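S.K.: Listed here are the chains, written in short residue letters.
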Amino acid sequence: MHPSCSDDPPLLLALETSCDETAAAVIDRNLAIRSSVIASQFELHERFGGVVPEIASRAHVRRIIPVIDQALKQADVELKDLSAVAVATHPGLVGSLLVGLTAAKTLCAVLDVPLVAINHIEAHLYACRMAAARDVFPAIGLVVSGGHSNLYDCRAASEHVLIGATIDDAAGEAFDKVAKILELPYPGGPSIQTAAAGGNRNAFRFPRTFLKDDRLEFSFSGLKTAVLYEVSGQPGARHSPPPMTDRRRADIAASFQEAAVDVLVAKCRQALHRYNRRTLLVGGGVAANARLRERLSEMAEQERVDLQIAPLSLCTDNAAMAGIAWELLATGRTAPLDCDVRPGLIRRK
Amino acid sequence: MTSEVRFVADDETETDRLGRALAAAVEPGLVVALVGNLGAGKTRLVRGIAAALDVDPRTVSSPTFVLIHEYDGRIPLYHFDAYRLRNEAEFLELGADELMSGDGVCLIEWADRVASSLPADCLRIEIVACGETAREFHITASGIAASRCLERLIAKLGRGMDE
Numbered sequence: 001m002h003p004s005c006s007d008d009p010p011l012l013l014a015l016e017t018s019c020d021e022t023a024a025a026v027i028d029r030n031l032a033i034r035s036s037v038i039a040s041q042f043e044l045h046e047r048f049g050g051v052v053p054e055i056a057s058r059a060h061v062r063r064i065i066p067v068i069d070q071a072l073k074q075a076d077v078e079l080k081d082l083s084a085v086a087v088a089t090h091p092g093l094v095g096s097l098l099v100g101l102t103a104a105k106t107l108c109a110v111l112d113v114p115l116v117a118i119n120h121i122e123a124h125l126y127a128c129r130m131a132a133a134r135d136v137f138p139a140i141g142l143v144v145s146g147g148h149s150n151l152y153d154c155r156a157a158s159e160h161v162l163i164g165a166t167i168d169d170a171a172g173e174a175f176d177k178v179a180k181i182l183e184l185p186y187p188g189g190p191s192i193q194t195a196a197a198g199g200n201r202n203a204f205r206f207p208r209t210f211l212k213d214d215r216l217e218f219s220f221s222g223l224k225t226a227v228l229y230e231v232s233g234q235p236g237a238r239h240s241p242p243p244m245t246d247r248r249r250a251d252i253a254a255s256f257q258e259a260a261v262d263v264l265v266a267k268c269r270q271a272l273h274r275y276n277r278r279t280l281l282v283g284g285g286v287a288a289n290a291r292l293r294e295r296l297s298e299m300a301e302q303e304r305v306d307l308q309i310a311p312l313s314l315c316t317d318n319a320a321m322a323g324i325a326w327e328l329l330a331t332g333r334t335a336p337l338d339c340d341v342r343p344g345l346i347r348r349k
Numbered sequence: 001m002t003s004e005v006r007f008v009a010d011d012e013t014e015t016d017r018l019g020r021a022l023a024a025a026v027e028p029g030l031v032v033a034l035v036g037n038l039g040a041g042k043t044r045l046v047r048g049i050a051a052a053l054d055v056d057p058r059t060v061s062s063p064t065f066v067l068i069h070e071y072d073g074r075i076p077l078y079h080f081d082a083y084r085l086r087n088e089a090e091f092l093e094l095g096a097d098e099l100m101s102g103d104g105v106c107l108i109e110w111a112d113r114v115a116s117s118l119p120a121d122c123l124r125i126e127i128v129a130c131g132e133t134a135r136e137f138h139i140t141a142s143g144i145a146a147s148r149c150l151e152r153l154i155a156k157l158g159r160g161m162d163e
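For the record, the sequence lines run as chains A and B.
Position 121 of the first sequence, counted from 1, bears residue number 121 in the numbering used here, the numbering being contiguous throughout.
Position 57 of the second sequence, counted from 1, bears residue number 57 in the numbering used here, the numbering being contiguous throughout.
Calculated directly from the structure, the hints in this document are not laboratory data.
Here the structure is a predicted model, which is why all the values come from computation and not from measurement.
Watch out, some of these pointers could steer you wrong.
Unchecked claim - Pairwise CB distance ranges (calculated):
| hint | chain 1 | residue 1 | chain 2 | residue 2 | range |
| --- | --- | --- | --- | --- | --- |
| 1 | B | V8 | A | E301 | 46 to 54 Å |
| 2 | A | M244 | B | A89 | 31 to 39 Å |
| 3 | A | L162 | B | V8 | 47 to 55 Å |
| 4 | B | C130 | A | R215 | 42 to 50 Å |
What the hints assert, rightly or not - Footprint (simulated), chain A over chain B, 3 or more residues, beta carbon under 8 Å:
| hint | segment |
| --- | --- |
| 5 | 4 to 18 |
| 6 | 96 to 106 |
Cβ coordinates follow ideal geometry from the N, Cα and C atoms, glycine included.
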């Protein structure tokens, strides 16, 4: 028990259960992250050779209460200290989203505090705003992860217009599948980066789909298939590929990574030009890739653009990025207690 | 009741022709199992089918991470991906049962990973890469609705199909 001082900024609890991770965080109105807890299923992922364990809602049900407890404990606060509860309700898997939303609604009903429904993708971009500790809007936003490769025109903190996406594989998915082709461990992002560190990124000229085209879309499927053919040989070809060595693996990883990064950087540049924006926000798991961060910085310098990449701790799924809830609260955009999740399975135009 | 046909596509234009023919042949409630290695072109075929059902092809992408996409076509399309699933229970927990018995067409990538959860009446398409863009499609129908679909497909395609 600690006395609460009247000039302490108000606190909110944020929950995140949209995909594989169960996460909770306490964030104050000055956007300071008081605690951030992620029940990472990483060890399990690895044990099952890259196939996700129990993506089902059961895992979230089991973890949500301990994760909330831990987040409160780390922040040294109690439930009664909370002014609001925020939860990601869109997009994601319906069963998973419902676990977070049900927990959030229950807390709101018991504590009599407002509920804030947040968009998981917008939160990824807001992580950049939190790290910048100042206003960064309007901006172009890139969210790159296992499930998304989306470009947004971010007109305001919670007003994002989708201006481009992948037409096949997401960038993170390409990293994971190429890692599998190269027999590198899961998750693919870090292991490709490690393998690529000793490789020659110009050893192979892999395709950079749409690189020069005047369109803000991504396609990583052809790149993945090109790597597959380099490793396993082209179907029907008379000659088999050279045997795999550490050197060859490193060169392929580095060349693949360079091709993926080339396209991501080029499309950000195109979007900045097309929408005449001077700020670029980059979030999502793939934003943790060191080569991508390096190349984005170079581009930003050339273009004299203000680049805000989410810090490593806020790239992969987490609840702390839900600080966007304070923006919504400030403009009265709370959610009723009978609100529903919006899984976003329907991809309308 | 099982029948099988083989379709050879020399390039992606031919793959799209198969996609269009499939779109014209499917009926609400049909389950289509897509089987093939990484890079075989499962998502590519789904895009062809979806486009022919008035879905914006740019909105069709791999559901590997998000597990399921739904497209609002002339017939509702449910695009599953079992690549990341560990077991069949997870597939069913996605609501697959409900969607497979609904009024849309279910297109399931990596369907061999959830084979025993698929209905008996099902159209199976195995994709084999036989060149850079050349693909062979082995199409099998088991059950009444799938066989009906296969007959319509054969009538639609005619050329290029070996029974």
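S.K.: Next step is simple, just say for each hint if it's right about the structure.
M.R.: Comparing the hints with the structure gives:
For B:V8 and A:E301, the hinted distance range of 46 to 54 Å is satisfied, since their beta carbons lie about 51 Å from each other. With their beta carbons about 35 Å apart, A:M244 and B:A89 fall inside the hinted range of 31 to 39 Å. For A:L162 and B:V8, the Cβ-Cβ distance of about 38 Å falls outside the hinted range of 47 to 55 Å, so the restraint is violated. The beta-carbon spacing between B:C130 and A:R215, approximately 31 Å, falls outside the hinted interval of 42 to 50 Å.
Here's how the segment 4 to 18 of chain B fares: 0 of its residues keep a CB closer than 8 Å to some CB of chain A, so the rule of at least three is not met and the hint is violated. As drawn, the segment 96 to 106 of chain B meets chain A at 0 residues by the rule of a beta-carbon pair under 8 Å; below three, the given contact is violated.
Hints 3, 4, 5, 6 from the earlier list are contradicted by this structure; the remaining hints agree with it.
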